[in-house]
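Asks: Spelled out from the first residue to the last, the chains are:
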Amino acid sequence: MSDSILLNSKSTNTESLDFTPSEIALGVEQITRPSLSYWEDAWIRLKKNTRALISLYIVIGLTLFTLIGPLLWQVDPALQDLNQLSQAPSFPKTAIFIEEHIRWEGIILEDFPAEPDEFLANLPAPANLRTAETPTTQAVRIRWDPVVGAGGYAVYRNQHLPEGINDLGLPLGTKLGGNEVSYEDRLNVEGRDYFYSIVTTDGYDESDNYVTLKVSPELSITRADALVRGLITEDSVIANGDEINLAFHPFGTDYLGRDMLARLMEGARVSLFIGIVAPFLYVMFGIFYGGFAGYFGGKLDAMLMRFADFVVALPFLLFMILFKIAFGIGPGESGVLPMLIALVLLGWPATARLVRGQVLQIRTQGYIEAARLLGAKDHYLIIRHIIPNTMGVILVTLTFAVPAAIFTEAFLSFIGMGVAPPTPSWGSMCNEGVKTMLSHPHELIFPALFISITVLAFNLLGDGLTEALDSRMRSRE
Amino acid sequence: MLAYTIKRLLAGVITVWFIATATFIAMHSVPGDPLMNDKAVTEEIRKNLEVKYGLDKSKPEQYFIFMKNMLAGDFGISFTQQNRKVNDIIRDHFPVSATLGLLAVFFAAIGGIVWGALTALYRNRLPDIIIMFLVILGISVPSFVFAALGQLSLVKINQLLGASVIPVAGWGTFAHMLVPSLVLGLGTMALLTRLMRSSMLEIVNEDYIKTAKAKGLSPLRIFFKHQLRNAILPVLTVLGPQIAAITTGGFVVELVFAIPGLGRYFVQAVQQLDYTVIMGTTVFYGAFLVFMVILVDIIYGFVDPRVRLQ
Numbered sequence: 005m006s007d008s009i010l011l012n013s014k015s016t017n018t019e020s021l022d023f024t025p026s027e028i029a030l031g032v033e034q035i036t037r038p039s040l041s042y043w044e045d046a047w048i049r050l051k052k053n054t055r056a057l058i059s060l061y062i063v064i065g066l067t068l069f070t071l072i073g074p075l076l077w078q079v080d081p082a083l084q085d086l087n088q089l090s091q092a093p094s095f096p097k098t099a100i101f102i103e104e105h106i107r108w109e110g111i112i113l114e115d116f117p118a119e120p121d122e123f124l125a126n127l128p129a130p131a132n133l134r135t136a137e138t139p140t141t142q143a144v145r146i147r148w149d150p151v152v153g154a155g156g157y158a159v160y161r162n163q164h165l166p167e168g169i170n171d172l173g174l175p176l177g178t179k180l181g182g183n184e185v186s187y188e189d190r191l192n193v194e195g196r197d198y199f200y201s202i203v204t205t206d207g208y209d210e211s212d213n214y215v216t217l218k219v220s221p222e223l224s225i226t227r228a229d230a231l232v233r234g235l236i237t238e239d240s241v242i243a244n245g246d247e248i249n250l251a252f253h254p255f256g257t258d259y260l261g262r263d264m265l266a267r268l269m270e271g272a273r274v275s276l277f278i279g280i281v282a283p284f285l286y287v288m289f290g291i292f293y294g295g296f297a298g299y300f301g302g303k304l305d306a307m308l309m310r311f312a313d314f315v316v317a318l319p320f321l322l323f324m325i326l327f328k329i330a331f332g333i334g335p336g337e338s339g340v341l342p343m344l345i346a347l348v349l350l351g352w353p354a355t356a357r358l359v360r361g362q363v364l365q366i367r368t369q370g371y372i373e374a375a376r377l378l379g380a381k382d383h384y385l386i387i388r389h390i391i392p393n394t395m396g397v398i399l400v401t402l403t404f405a406v407p408a409a410i411f412t413e414a415f416l417s418f419i420g421m422g423v424a425p426p427t428p429s430w431g432s433m434c435n436e437g438v439k440t441m442l443s444h445p446h447e448l449i450f451p452a453l454f455i456s457i458t459v460l461a462f463n464l465l466g467d468g469l470t471e472a473l474d475s476r477m478r479s480r481e
Numbered sequence: 004m005l006a007y008t009i010k011r012l013l014a015g016v017i018t019v020w021f022i023a024t025a026t027f028i029a030m031h032s033v034p035g036d037p038l039m040n041d042k043a044v045t046e047e048i049r050k051n052l053e054v055k056y057g058l059d060k061s062k063p064e065q066y067f068i069f070m071k072n073m074l075a076g077d078f079g080i081s082f083t084q085q086n087r088k089v090n091d092i093i094r095d096h097f098p099v100s101a102t103l104g105l106l107a108v109f110f111a112a113i114g115g116i117v118w119g120a121l122t123a124l125y126r127n128r129l130p131d132i133i134i135m136f137l138v139i140l141g142i143s144v145p146s147f148v149f150a151a152l153g154q155l156s157l158v159k160i161n162q163l164l165g166a167s168v169i170p171v172a173g174w175g176t177f178a179h180m181l182v183p184s185l186v187l188g189l190g191t192m193a194l195l196t197r198l199m200r201s202s203m204l205e206i207v208n209e210d211y212i213k214t215a216k217a218k219g220l221s222p223l224r225i226f227f228k229h230q231l232r233n234a235i236l237p238v239l240t241v242l243g244p245q246i247a248a249i250t251t252g253g254f255v256v257e258l259v260f261a262i263p264g265l266g267r268y269f270v271q272a273v274q275q276l277d278y279t280v281i282m283g284t285t286v287f288y289g290a291f292l293v294f295m296v297i298l299v300d301i302i303y304g305f306v307d308p309r310v311r312l313q
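Same order as they appear, the protein sequences are chains S and G. First residue of the first sequence: 5, per the numbering used here; consecutive thereafter. First residue of the second sequence: 4, per the numbering used here; consecutive thereafter.
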C-alpha cells in the first residue's frame, strides 16, 4: 500500500523536476493579525469561557458588596432591634403604637367553686377559648369558660398546630384553680402565629382533652421603645393604635435583633480580608522561598525543601488553632490578625514547592542559557525571565488558595476558634445560625450561601484561569 | 522497596519530632496558664501545683522531660480533668474519631470512584452534567452546612416514619455512624469524583484501550478490566493526604452530631489551656497522619510497580 504511493509520488516528481528557486512572493507570509502578549491571549480565552466569566463578575460583585455596600446600607451591624428578634426576611413592617405594659390581674370568677367537690376522672377541655384583648407582641391575653369540677388549667404554646395531646410539649404556665380562667403570655412573643392549647387539670393531673386557639399577635411598640430606636421624635404627635413604620431588615435579623444585611457586609469584610490577604501573603513568601531554593539548587535547596516538608506534615487545623491561641487575643480585639499570621505560617509550603519546581524547569530552558551567555546577572534573570514565566501558575495557585482560606476561616469560626464576637464573619454567623436552624433557618442560610457562592466563584475562576493560561491547551484549539 | 520503606519511616520519625517540638514551642508561648483559674487559690498551692506538673523548671528542662516521656509513650496527666491520664483520653476517644474518619474515607473513595466512572461513561450527557453539578456543590459548600442539613433531614425522616429509625446524634451503633461519616466524606468524595473523571478520560485515549477495542473485546470488559483499573491508581495517591484532611475535619461533625471523638476533647482542651492534653493529642494526631500517608504510599508502591522503579 505505502509502496504504491511512494511510486506515484516519485513519478509526479520526475515530471515537474525543476530546480530553479521559486520566487519569494511578498505579502503572502506576512503576519496579518496584531501580535498578542501572553496575558492578552489568556484574557481572550478566558472571555470565551462563560462559567469563568460569570465567576469573575460574581467576585467583582462580592468586592463591591463588601466595599460599597456599607456606604449604601448604613445600618450599624451591632445595633439590636429588640422589636424584631430573629425576624425572617420580609418587606418593611409596621407596628401599632401601644401603652406601656400595665399589670393584668387576670380573670378570676367569684361565683365558681374553686375546689371541686369530687375528682372527676376525665375532665373536658374548656369551651369558648378566645383572646381577651387584641393580641400584641407586648402581651397575648387569652381567656376561656370554666369547666365544672376543674382544679386548674395548663397552658401550652406551640408554633405549629399540635397533632395530639403528646405533641403539646411542656406547659407555658399553669393555673391553680378552676376559677382562674385567663392567661397572659409575655414570653418573647414575636409577630408570628402561635397555637395556644388549654388542658384542664384536677389540680394535679392533666386530662386527655385539650382545646387549641390560633393567635396572630400584632407587632407593637411603646413610646419609650420607639424613642430609643429613633423611630419617632420627642414631639411626634402619635396616638395609641396608630401604625408606625419599623426599621427595615431586607435579610431579616439574627437572634439578637441585629440586621442581617449589615452583618453580612461586615462579615464579608472579615471573611474576604482573611480569604484574600492571607493567601496573597503566603503565596508571596512561597514564591520567594521556592524561587530561592529552586534557583540556587544544591544542598541549600535540599535543606530548604526538607523544612518545607516538615511544615506540610503539621496537621493543618490543629496547628491553626494552636498558633491562633499562641498569638492570643486581647480584650476587645477581633482575632483577625492571629488567624492571618497562623494561615501565613502554615500555608506557604505548597506554593514554595510549586514555584521551586517551575524554577528548576525554567532554569534549564534555552532562553535562560542564552541570556546568561549574553552576560545577564542573577537578579536580572530572576526578575526578567523566571518570575514572569511562573506568574501563570502562581495566579492559578492564588485563585485556588482564596476559597481554601475562606473555608479555613469559616471552619475555625464555626467551632468557636475563629474571630471573637461581636465581630461577625460568615463562619461565626453560621455558628450562631446553626443553633436556631429549625425555627429561623435564614440565620444559617444567608451566611452559608455567601460562603458557598464565594468559594464556588473562586473555584470556577481558578478552573478558567488554568485553561486560559495553559499554553498546551492553546495548541489543542 | 525495603530501602524505600525504611527511608520513608525514618523521615516520618523526624517529622513527628518536628511536630512535637513545634507543639511544645506553640504551647509555651500561649499567654496565660492552666493554673490561672480557680485551682491555684494561694501562692503556696500554686507553687505546689507547679511542682506537681513540672512547671517550675526552666523551658529547656521541661522540653527534655516532655521528649523523654513522649518517647516512653507517656503524655502525662490532664490539668483540668481530675487526674485523668492523657493516654487514657486518647485511648478512649481516638477509636471513635478513627472509626468515623476511616468510614468517611471509605465512603468518599467508593463514591468518588463510582461517580467518576459514571461521569466518564456518560461524558457530556445528562448523568455527567448532574453529577458534575453535585461535585461543584460538594466542593463549595462548607462541611458544617452539610452536617446541619444532614441532621435536619434525619429529624424529618424520623418524624415522617414516626419513630427514631436513624439516631440524630450520639455514638454507639452503626446507625449512629452512617450519616456523620457520609457528611464528613462528601467534600473528599467530590474531589475524588473530579480526579477520577479526568483520569478516566485520559485513559480512553491510551494505546492499550485502542488495542483492546481493535481486538474486539466487549465494551463492558474494556471498561472494567482496562479503563477502570488503571484510572483508580492515580486517585488512590491522594487518599493519604485526604485521610489527614478528613480526620482533622471531623471536629465539626463531632460537634454537630455530639460524637465523643478526640476532636471535641482537643477543642475543649484548647479552651481550657490544658497543656498536656493539647500536646498529647496534637503529637498523637500528627504521628497518626504522618504514618498514614507513608502507609498509603507504600501500599501504592506494591499495587503499582511503576512507583517502585522510581
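Just so you know, these hints were derived from the structure itself, not from any lab. Where is the CB? At the ideal position from N, CA and C, for every residue including glycine. Just so you know, not all the hints are guaranteed correct.
Per label pair, the in silico range of CB-to-CB distance [claimed, not checked]:
(1) Q365/S - L204/G: 24 to 34 Å
(2) Q369/S - L124/G: 39 to 49 Å
(3) L124/G - D474/S: 38 to 48 Å
(4) Y384/S - Q275/G: 27 to 37 Å
(5) T24/G - R37/S: 37 to 47 Å
(6) N126/S - L105/G: 40 to 50 Å
(7) W77/S - L13/G: 41 to 51 Å
(8) L204/G - L40/S: 55 to 65 Å
(9) K216/G - D474/S: 22 to 32 Å
(10) Q365/S - K228/G: 52 to 62 Å
(11) Q369/S - I302/G: 43 to 53 Å
(12) I386/S - L5/G: 36 to 46 Å
(13) L124/G - L378/S: 29 to 39 Å
(14) D171/S - V168/G: 50 to 60 Å
Chain G is faced by these chain S residues, among others (derived, beta-carbon under 10 Å) [to be verified]:
(15) V219
(16) P221
(17) F277
(18) I280
(19) V316
(20) F415
Asks: Could you run down the list of hints and mark each one as holding or not?
Replies: Each hint tested on the structure:
1. Q365/S - L204/G: 24 to 34 Å: Given about 25 Å between the Cβ atoms, the range holds.
2. Q369/S - L124/G: 39 to 49 Å: 40 Å, holds
3. L124/G - D474/S: 38 to 48 Å: Taking Cβ atoms as reference, L124/G and D474/S lie about 26 Å apart, which means the hint is violated.
4. Y384/S - Q275/G: 27 to 37 Å: The hint (27 to 37 Å, Cβ to Cβ) is violated, given that Y384/S and Q275/G are roughly 56 Å apart.
5. T24/G - R37/S: 37 to 47 Å: 59 Å, violated
6. N126/S - L105/G: 40 to 50 Å: 56 Å, violated
7. W77/S - L13/G: 41 to 51 Å: Violated - the Cβ-Cβ distance for W77/S and L13/G, about 59 Å, lies outside 41 to 51 Å.
8. L204/G - L40/S: 55 to 65 Å: At roughly 29 Å between Cβ atoms, L40/S and L204/G fall outside 55 to 65 Å, so the hint is violated.
9. K216/G - D474/S: 22 to 32 Å: Distance hint for K216/G, D474/S holds at roughly 29 Å.
10. Q365/S - K228/G: 52 to 62 Å: 36 Å, violated
11. Q369/S - I302/G: 43 to 53 Å: 37 Å, violated
12. I386/S - L5/G: 36 to 46 Å: Once the Cβ atoms are compared, 42 Å apart, the range 36 to 46 Å for L5/G and I386/S holds.
13. L124/G - L378/S: 29 to 39 Å: 54 Å, violated
14. D171/S - V168/G: 50 to 60 Å: 19 Å, violated
15. V219: Cβ of V219/S sits 25 Å from chain G, so the hint is violated.
16. P221: 27 Å, violated
17. F277: F277/S check fails; min Cβ-Cβ to chain G is 18 Å, beyond 10 Å.
18. I280: Given a least distance of 17 Å, the restraint on I280/S is violated.
19. V316: 9 Å, holds
20. F415: 7 Å, holds
When held up to the earlier numbered hints, the structure conflicts with 3, 4, 5, 6, 7, 8, 10, 11, 13, 14, 15, 16, 17, 18 and fits the remainder.
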